Amino acid sequence: MTKALKAEARTTSRDWSLLVCLAVYIGFMLIVASMAKYLHIVPYKIWPLDELNRMYLTSFTNLEDFISWHDAYIFTPDRWFMDWMSANEVTPFLAMIFPAFLIGRAFTSRTINIPVYAGISRGRILVSKVIVSYIVLAVFSFVGVWVPQLFYGHGVPGILSAGAVWTRVGLRILLDCAVMSIPVMVTFIFRDVIRSFAVNIAYILAYGTVISRIQGNPIIDFINKHHPMRLATTLGEHFGYGVPGIPLTSGRVIYLVGVSVGTIAVTSGISYLLFRKAELK
Amino acid sequence: MSDTVINLSNVSKRYRRRRALDNVSLTLKRGRIYGLVGQNGAGKTTLLRILSGLSEPNAGEYSIFGDTNPANRRRLGILIEHPVFYENLSWKENLKTIDVLKGTRSDVTELGETVGFGKDDDYNTVLRSMSMGNKQRYGIAAALVGDPEVVLLDEPINGLDPLGVKDVRELILELNRKGTTFLISSHLLRELWEIATDYIFIHKGKIIERVSREELQTRIEGKDQNLENYFVDLVAGGTK
Numbered sequence: 470m471t472k473a474l475k476a477e478a479r480t481t482s483r484d485w486s487l488l489v490c491l492a493v494y495i496g497f498m499l500i501v502a503s504m505a506k507y508l509h510i511v512p513y514k515i516w517p518l519d520e521l522n523r524m525y526l527t528s529f530t531n532l533e534d535f536i537s538w539h540d541a542y543i544f545t546p547d548r549w550f551m552d553w554m555s556a557n558e559v560t561p562f563l564a565m566i567f568p569a570f571l572i573g574r575a576f577t578s579r580t581i582n583i584p585v586y587a588g589i590s591r592g593r594i595l596v597s598k599v600i601v602s603y604i605v606l607a608v609f610s611f612v613g614v615w616v617p618q619l620f621y622g623h624g625v626p627g628i629l630s631a632g633a634v635w636t637r638v639g640l641r642i643l644l645d646c647a648v649m650s651i652p653v654m655v656t657f658i659f660r661d662v663i664r665s666f667a668v669n670i671a672y673i674l675a676y677g678t679v680i681s682r683i684q685g686n687p688i689i690d691f692i693n694k695h696h697p698m699r700l701a702t703t704l705g706e707h708f709g710y711g712v713p714g715i716p717l718t719s720g721r722v723i724y725l726v727g728v729s730v731g732t733i734a735v736t737s738g739i740s741y742l743l744f745r746k747a748e749l750k
Numbered sequence: 055m056s057d058t059v060i061n062l063s064n065v066s067k068r069y070r071r072r073r074a075l076d077n078v079s080l081t082l083k084r085g086r087i088y089g090l091v092g093q094n095g096a097g098k099t100t101l102l103r104i105l106s107g108l109s110e111p112n113a114g115e116y117s118i119f120g121d122t123n124p125a126n127r128r129r130l131g132i133l134i135e136h137p138v139f140y141e142n143l144s145w146k147e148n149l150k151t152i153d154v155l156k157g158t159r160s161d162v163t164e165l166g167e168t169v170g171f172g173k174d175d176d177y178n179t180v181l182r183s184m185s186m187g188n189k190q191r192y193g194i195a196a197a198l199v200g201d202p203e204v205v206l207l208d209e210p211i212n213g214l215d216p217l218g219v220k221d222v223r224e225l226i227l228e229l230n231r232k233g234t235t236f237l238i239s240s241h242l243l244r245e246l247w248e249i250a251t252d253y254i255f256i257h258k259g260k261i262i263e264r265v266s267r268e269e270l271q272t273r274i275e276g277k278d279q280n281l282e283n284y285f286v287d288l289v290a291g292g293t294k
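Protein chains in written order, with this note's numbering: chain Y, 470 to 750; chain R, 55 to 294.
If you are wondering where the hints come from, they were derived from the structure by calculation, not from laboratory data.
Keep in mind that a hint or two might mislead.
[Stated by the list, open to error] Pulled a few chain R residues facing chain Y out of the computed Cβ check, cut under 7 Å:
(1) Ser106
(2) Gly107
(3) Leu108
(4) Ser109
(5) Glu110
(6) Pro124
(7) Arg127
(8) Arg128
(9) Val138
(10) Asn142
(11) Thr151
(12) Leu155
(13) Lys156
[To be verified] Label-pair distances were calculated between CB atoms; the ranges are:
(14) Ser183/R with Gly685/Y: 51 to 61 Å
(15) Ile604/Y with Glu269/R: 52 to 62 Å
(16) Phe611/Y with Arg84/R: 49 to 59 Å
(17) Gln684/Y with Ser63/R: 50 to 60 Å
Note that the structure is a prediction, hence the values are computed from the model and not measured.
No residue lacks a Cβ here, since even glycine has one placed at the ideal position from N, Cα and C.
So that you can see chain Y by itself, here it is in the shape it has in the complex (with noise of 0.2 Å):
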């Protein structure tokens, strides 16, 4: 296992294509934060989806109250951490375009058989695989709020305390992890970029736009209810911008620790089964 991942590590810390977009992403955070530090302009409206997040839309009568509520918004460090966590975009992005770029592409320039070569197994070549995805994502996912954090909150004293905005990171990473298990397992089906890439771009969508709204339904409502995207944004809404949130219970992180890892484990499982006797290029 060590030496998969050992491996796996190496040639991905070495891939400059992914160090890239790290840098555009750095850069476009840091602009975000630019803008609202000097010229007051709060991220949100540079945001090109959020204002059409549905809990803007049901927090507030209309999209100008909201505005004006929100041009009113004394930015915090912690708060902005959390306004950051209840934007349920930035996952699913990263969702449609990590696996597809880290894992399909190693089916379809067919890097994967190096390991195969060597004599590793097909379930330790798997676990590495996702293991540095979840860790790409989770470095994203760091970028994404602390260089705004560290650039526009330095300084500013937080509402929450250390330890409760750590645990709500740490349930974040495990949700976005969870998030991206289901690309994940459609790039181990189709072992490619371009069909991994349209299907989980099909995936998302579909779930973003038409499941998550569907209603009455109890297989999709079930779904709904506990689904890793969801929950990622719920566990960020509830303590963003002011809004009265459920306390984060001890019984509610097992529930979110439980749906995540059972989620990871569902999809690694199904993704085992499909790449075990897969044949490669």
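Following the hints, put chain R in place on chain Y, whose structure we already have.
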């Protein structure tokens, strides 16, 4: 140490309706150079793909060093069809990665030099921007990481210039003298004639003949034949 390095027993492989391998049984002995000879689509690459772990047989069993454990593949060196490499890494970094995966401690610089990467070749040039010949050289070096006991090569001299072909031929012979076993598939039968100690003829997924070089020489002696027209006669069902 067992004399048998690879053993296939009644191995079959189907791709939808096409039967790529049909009940193939084969034993490869240590220290030999096997030339795998067959037409396009005869099943040569399928056979190598199964041994390398890319493909699973539909029926039959195979063992590598007497075992079915995939970890035994670390004792193999493999080059199938085209070399595979991490595009963003140099040839040296790619070889080092394979070394990490195999858990060996190879001198990758020396290995690169063995296949002809000279001092003029920039160690930092990423592999994707190298010439086809250099990629092929890399593929051979990659197959030799970790000092493998058996090397599987599919069209190893594709894209190499005449000097490169000569270098690879000499390298194979030198490694074989040290005890490395080779299974080489190639369309260039004259090249196989230069190096192989045994020939395995495969046609429509079946092994139709297996013969040592000495025996083959005896058979074609005085008949104005060579490996090429012997193979043509064999496939056409002509006299041996």
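What are the numbers of the hints that this structure violates, sorted from low to high? none
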